[in-house]
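Participant: Each chain, written out:
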Amino acid sequence: MAKGPYSDKVMEHFMNPRNMGEINDANGVGEVGNPACGDVMKLYLKISDDGIVEDVKFKTFGCGAAIASSSMATELLKGKTVEQILELTNNAIVEALDGLPPAKIHCSVMAEEAIEAALKDYYVRVGKDPKIVDEMKAKIKDKVKH
Amino acid sequence: MIYLDNVAGTKPDERVVEKMIPFLKEKYGNPSAHFYPLGREAFEAVNEAREHVANLIDATPDEIVFTSCGTESNNMAIKGLALNDNYKDKKHIIISEIEHFSVQNTCIKLLNEGYKITKLKVDNNGQINLDDLKKSITDDTLLVSIMSANPEIGTIQDSAAIGQICKEKGVIYHVDAVASVGHQKVSVKDFNCDLLSLAGQNFYGPRGTGALYVNKEVKLTPLFDGGFQENGYRSGSENVAGIVGLGEAARIAKDEMDTYIPKMQALGKKLMASLEGMFDFLHITGDKSKRLPGHVSFWIEYIEGESLLLWYSLNNIYGASGSACSSNILAEDEDDLAASHVLTAVGVPNDICAGSMTFSMSKYITEEDIDKVIEVTPTIVTRLCEMSPYYNKK
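Respectively, the protein sequence lines represent chains V and Y.
Quick note, the first sequence lines up with residues 1 to 146 if you use this note's numbering.
Quick note, the second sequence lines up with residues 1001 to 1394 if you use this note's numbering.
Hints are supplied without guarantee of correctness; some may be wrong.
Covered by chain Y, according to a simulated footprint, are these stretches of chain V (three or more residues, beta-carbon under 8 Å) [said to hold, decoys possible]:
| id | region |
| --- | --- |
| 1 | 53-65 |
| 2 | 118-124 |
Far from chain V, by Cβ distances over 12 Å, these chain Y residues were calculated [unchecked claim]:
| id | residue |
| --- | --- |
| 3 | Y1036 |
| 4 | D1085 |
| 5 | F1228 |
| 6 | L1308 |
Restraint-style ranges between C-beta atoms, simulated for each label pair [said to hold, decoys possible]:
| id | chain 1 | residue 1 | chain 2 | residue 2 | range |
| --- | --- | --- | --- | --- | --- |
| 7 | Y | G1208 | V | E135 | 30 to 38 Å |
| 8 | V | I132 | Y | E1375 | 49 to 57 Å |
| 9 | V | D50 | Y | S1313 | 19 to 27 Å |
| 10 | V | E22 | Y | K1269 | 34 to 42 Å |
Honestly, the hints are just simulated from the structure, not real lab data.
Bear in mind that the values here come from a model prediction, so they are computed numbers and not experimental data.
Don't be surprised by glycine CBs; every beta carbon is placed ideally from N, CA and C.
Can you make the complete structure from the sequences, with help from the hints?
Facilitator: Below you can see the structure in the form of structure tokens.
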């Protein structure tokens, strides 16, 4: 396998991305981009009535790190509650991928932002204020500090 | 392995390696110590190499200064002129917007020394406009530095016409010919140039070797202070084995270029035509006819260059990409990621030039190699398109 600057795990997810595609009846869709390099990630969530991620898929325009981050993020999301997935940081994605080159950390940040965007879309669809995502994120960060 | 990144450096010719080995082992004399046989042998070998390099570009041996690479040659040409008292009254340099970083960044340094830099725009094929050049030259112009061929998009400039303009205007003309030497006929006489940079690694010589042609009428101030090697232009012990290899590569190129260039041209045309026929969202970059032999560069809508590069690499096909994500991947900061200045200069939008790819051939590439690239491309492109949020199946 050609490793180059990427870990075996990154290359594995790049070559065999998990959960790639679209969900037609998704109830949370988030699309984010990185202006620095032009990468774009679109995340589809199917969240059950009791707030559990039943299905998740992605489409990504981006480099090896962006595709691997997207794939790993979807793996980490499945089966989790809304509260649990908001606790998922880019650091957890990087760790699960056995690291990323410093210049590529922004790819994992993009995945975290896509999750937030998809959740905001979910709350809008269920008739709630999407600001709840920011409030929950702030609480999580506050909890981590303490 | 199908190595198609030859503008980054070619595989050394076996004869080059064979010629170098004795100078790494038993013929280890210092050319400056030519009063005893061991040193004399090295001295003569360096001078023989100088003759071969001069012969390849229509120069004379005393006009060749050996350097460590193309970057050093470009620095020596531009800074060497700027430092020289003969030209201290002229503070204007003209380059193009698709010059190599070793020209661009050298000129940026000179901005702090009071120099004005004009960057000529290029058209969508990567050609400068000769009228723009004429209009840009003023009484204050010291130097015009325009590369003979761009390694990323393959476009060849009309160096002879540029040289003629410079000659008529009395301006010094430097050619960065690193991508051209050994791949097209390069003659300092035809180009009417005063300075010309070349590098051994680009025409089957060793990496870490280069040369600068310096017309006898031009005065350069050396960048290094030290002894008197290379006619006083470049102090420091010579890389004898490297120079011998560079000389041998020049000799072989002079003798065999007419044979391998048509073969590379034909394979390049075949690959380009096949790629263009595959997808209506694949676009060739650079001038389709005035380009380096065997050079194919393109961008694909909806997909990203580094992913393309990685997938070709997983198929043992090695090329290059000018995408932001493939640039400086080992940088410590994402701010160091930027799309290729060459692609943006030829009008490819930032978000789209992310999907760029360059294949550059060598004399060793076979028809079977090109057939393999043609065979795997649809699978790679289709896979990445399916993954792209931009791509909508029609």
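Participant: Which of the numbered hints are not met once you compare them with the structure shown?
Facilitator: 2, 6, 7 and 9
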